[in-house]
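Colleague: Spelled out, the chains give:
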Amino acid sequence: MQAKKRYLILFSTGACLILLFCLGGIQVPLSRRGPGRPHDRRLSGYGPGARCDDLTEHISPRQKRDANSGLYTGKRCRMESCFDFSLCERNGFKVYVYPQQKGEKLSESYQNILSSIEGSRFYTSDPGQACLFVLSLDTLDRDQLSPQYVHNLKAKIQNLPLWNGGKNHIIFNLYSGTWPDYTEDLGFDIGLAMLAKASISTENFRPDFDVSIPLFSKDHPRTGGEKGYLKYNTIPPYRKYMLVFKGKRYLTGIGSDTRNALYHIHNSEDVVLLTTCKHGKDWQKHKDARCDKDNAEYDKYDYREMLYNSTFCLVPRGRRLGSFRFLEALQAACVPVMLSNGWELPFSEIIDWNRAAVIGDERLLLQIPSTVRSIHQDKILSLRQQTQLLWEAYFNSVEKIVLTTLEIIQDRVLLHTSRSNLMWNSLPGGLFTLPQYSTSLRDFPFYYAKLGIKPPSKFTAIIHVVTPLVSQSQPVMKLLVAVAKSQYCAQVIVLWNCEKPLPAKHRWPATSVPVTVIEGESKVISSRFLPYNTIPTDAVFSLDEDTVLSTTEVDFAFTVWQSFPDRIVGYPARSHFWDSNKERWGYTSKWTNDYSMVLTGAAIYHKYYHYLYTTYLPASLKIMVDQMSNCEDILMNFLVSLVTKLPPIKVTQKKQYKETMMGQSSRASRWADPDHFAQRQTCMNKFANWFGTMPLIHSQMRLDPVLFKDQVSILRKKYRDIERL
Amino acid sequence: MYTSGKYSSRGPALIPRMKTKHRIYYITLFSVVLLGLIATGMFQFWPHSIESTADWTLDKRSVHDAPLIRLPVSSPIPERGDLSCRMHTCFDVYRCGYNPKNRIKVYIYPLQRFVDELGVPISSTGLSREYNDLLSAISDSDFYTDDVTRACLFIPSIDVLNQNSLRIRETAQALAMLPRWDKGMNHLLFNMLPGGPPDYNTALDVPRDRALLAGGGFSTWTYRQGYDVSIPVYSPLSADVDLPERQPGPRRYFILSSQTAIHREYRAELERLKEENGEALLLLDKCSNLSQGAASARKRCYKGQVYDYPQILQESSFCVVLRGARLGQAALSDVLQAGCVPVILADSYILPFSEVLDWKRASVVIPEEKLSEMYTILKSIPHRQVEEMQRQARWFWEAYFSSMKAIGLTTLQIINDRIYPYAARTYEQWNNPPVVKWSSVNSPLFLPLIPPRAPGFTAVVLTYDRVESLFRVITEISKVPSLAKLLVVWNNQNKSPPEGEKKFKCPECTAIDGLSLDQTHMVERSECINKFASVFGTMPLKVVEHRADPVLYKDDFPEKLKSFPNIGSL
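As they're listed, the protein sequences go chains A and B.
So that you can map any letter, position 88 of the first sequence is 88 in full-length UniProt numbering, and since no number is skipped, the others follow by simple counting.
So that you can map any letter, position 3 of the second sequence is 3 in full-length UniProt numbering, and since no number is skipped, the others follow by simple counting.
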């Protein structure tokens, strides 16, 4: 054959092959490398979409829902199958507590739980209004060997007229089961009731139905609660010990494996893990070769000394999954290292525990030392701070634990007005972030930096007026004009809390910003803190009618507030002190080197605090304030400091408030009244009592304009008015 | 390489020697080849929904090339899958071990073709494009290992994305035949369309022992929290349609319903809502005049008016994602891609990647029973939040829904986070869109603490060689009661620091004292600021107009009663 023809044939065969390949006749084999296949568009799709989704007309969704509630009960209960949402629709999330029956003894802890509910804003005494029911039978300790164990619970519960098979009931429990197997059965039929239970295992935990609560001791305070141990951050963040544990060693039976193996990683230097065999009556019978040595070592160390001086604290399971140690470590700012496989951690539905604890695996005990050593300093610093945040937000009192439980359930009930993960896991915590105010993070004063957004650029002034309008030279007129002139003012609201009827519109001075006059609800003093819809801005400048302020001062105070949007920023400051003679809190308006309150007669704060004041605080305190027409400003300071854990901020003022700010108006009589001052002392103590703690914090700082009283020309100063007399 | 070079060098010499008839012959041949090539290109880049039927045969052949495994009828079937499985009970953590990178190793089985004894394949479609993409992405990732002995997680090459195309029993047998199956321990299956008619189970029906399931339609009753991973139902439109991101803000419609397979009970309820609220709602359905097929998937109709799907999704603030027979809907992906806020009505549905994603910031979940109240509920959401959610929705799609790669790697990262929880990605890393990541401030010292005075402070004095002023500073500062320690940093390499209290004079000192007046010094510092800002990518410094002073600073008040009387006296 000619070379030419040979080429021709070769060529055409090649072309045909390529063609065949293109049209799909021959497939190039897939790469044998297995997974490293190239992106292959010639494979068919996996086929989602309506075509294969709904070939058949599926059964009525309504029927399906009804079927679910019959199908998924007992261990498979979920809110949608075992809870009646309709009970919560009419009156909102209200909780009913059964009346206590005669002869029924309640443990102190259960008593605390019940009174926390009764003192909360969720409580209702009318079962007809209730969405959730709480038994007055003590279910906390279901260990048959315990003296607290309540007998015949089954019969007692079945006899309750409102039991309804347990629907919409919540049962609190700390201990269940007993030696040797410690089951999680409560020993009676809980029906469709939810469990708020300590030491619950993931296996028994019904997600979106039960609530895992922490194990707390009978000494856990009802309100207030111990503060976190951390007072300041140290860098590098290491403490004397790296990892510590001091506790019982179970020689046999459930939960003994991990504790028996702890000695492997104990190095008696920075990893100190101590166990004792000395517990129970017949420990000598089971004792092993290591017991005597371990017991001796155990006695050399002090539990609390170790707790407060260690970076990490080992929290292994005991007989049950949870232990007191968990809360103790949190309080001590000792980062818990969990070794309790299968424990559904407390409030796991809302708390991101990876931010505050190291979740270890019992199977990997031997890796624990290298794991904790590998954790970077930054991370330790952040874990440690988070332990404190969580401790104070959800755990340090029975009330917090109970309220958190209720709020979690409320979030499930009001599905679309519930908190996001960020609200629960960052300051100030979910109990102070009420989603009923708004579900948008931007509407709260706490998240500006986190979201990378600027605080608002405008404020609304609310002037609280109690005296009738008689002359155009009244202080309130001057104040209104001065405030309205501020470049940051969006609106002025005059709150007419005076018995006289509203003055005619033309009597108010003409201003460039809109002035709205509203009548206070029942003319009580608390009405100044109502979250009026007519407030268009997030910032509120709260003013008394007799306040004397210049436009410059208003402008300056507002620019300061923009740097501290979660705090009260204002002018007149007051202080509290502990009067050790009378053993009570004292209130002072004297000129001192520090202050802890800024009066709301001339202060800026976030509108959210109006909402919090109105909804979070109990009616009893608000009624007291209204009846005295006094102390509303103290209460507001208590509330804001409780939320922020920071003092308010005083800014410099032009003249002395005392002399000029309180003029000749009728309100002056209120301040001159000696009773008025005594009332304020009483208020302080009543408030501190309800809060269970003294939230106010002292500050020695005043914020002045940058060149304030500096030896430079006054013309160079932006807020020069403040210096002029 | 060498031979091919030789051939190509001969090529040009060949043509001039050809005769005319040969030349025509070659030209025809060339054009045929060219046509063939163009056809190939067309197949490569044509939207695949059209080619799907043509591809079918191709696909079958490609699987043909994988080794054939015949399943004996009596081959063992795995157990159904244990609902109580958790990482600490059903997962062998020892295989993952401790490693400094805190990263799991993932092995992928080589592709095999399983048939029963009669030679009938276990799956009607074989390997799907999506599963192929998923496996390729994983094999290209840092998780991948080809060393089966080092693997912590095993992924079968058996495609179970769509249960409809599977023969359940045989697929299960095939799984059990995998060499490392070991009761499914540490095996991960990806499934997006679980269940089948009439009752549509919410998890894959293929018995799978202890294998982990990354499933696309879990309900709270089938999802094993902390063990399974809830994944999205991938929408092929993600790859085919480019929807540019729109600025958050109000849209033409308030609520849009675009799904075609909505139960008539729900459609009736939506119609009722539409009657009450009029133009704010747009209710779309499939177009009756278009034939079934690929084109109809991209069109929606309302009363004869035709809309492009998914583009129309960008015209609404909220988009309804209702359950179908299955809980997981591919429409969710389309809605997120469009930056429309999904309104999810699918009771008991476990949202995709709910273990790490904060869906409350990107969606509205409404119980199916409350469908009739949807309009009122959505109206109560503040505008600002709607905008935030629009942005968040789009970000979720981009990061976690947009491709099989994104879905696969997110799933592995979630499992990785469980095995190395102390090195897990944070909430912020998972949930903050890039714009927030850049602008947000997360202080490392976020807890408000007011430290006690007791420990005092350490003074750090940086010095070059201005010894005079150094001693002055030291003298002044040592008077401060709360000073705990004084540290002087001597920053001059050419001179050793002065010893003890001995003072020495330097002639240049006075000259250097005027340093801050030096013009070049200011210029240099301005340059520094610009350089830093460009490296940071932003100007982190903020201007404030206030200064902290003691409470009674410069007040008309006896100085001796003030805590800090000397401030400002210099």
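It is possible that part of the hints are untrue.
Said to hold, decoys possible - Derived BS3-like pairs: lysine-lysine, alpha-carbon spacing no greater than 25 Å straight-line:
1) K717(A) x K485(B)
2) K654(A) x K560(B)
3) K458(A) x K94(A)
4) K370(B) x K64(A)
5) K285(A) x K218(A)
6) K303(B) x K654(A)
7) K437(B) x K709(A)
8) K717(A) x K554(B)
9) K370(B) x K94(A)
10) K485(A) x K231(A)
11) K654(A) x K562(B)
12) K454(A) x K542(B)
13) K285(A) x K300(A)
14) K500(A) x K590(A)
15) K240(A) x K485(B)
16) K458(A) x K718(A)
17) K709(A) x K274(B)
18) K231(A) x K554(B)
19) K450(A) x K554(B)
No wet-lab data here; the hints were simulated from the structure.
Colleague: Please write out, lowest number first, the hints stated earlier that are contradicted by the structure.
Modeller: The structure breaks hints 1, 3, 5, 6, 7, 10, 14, 17, 18, 19; every other hint is satisfied.
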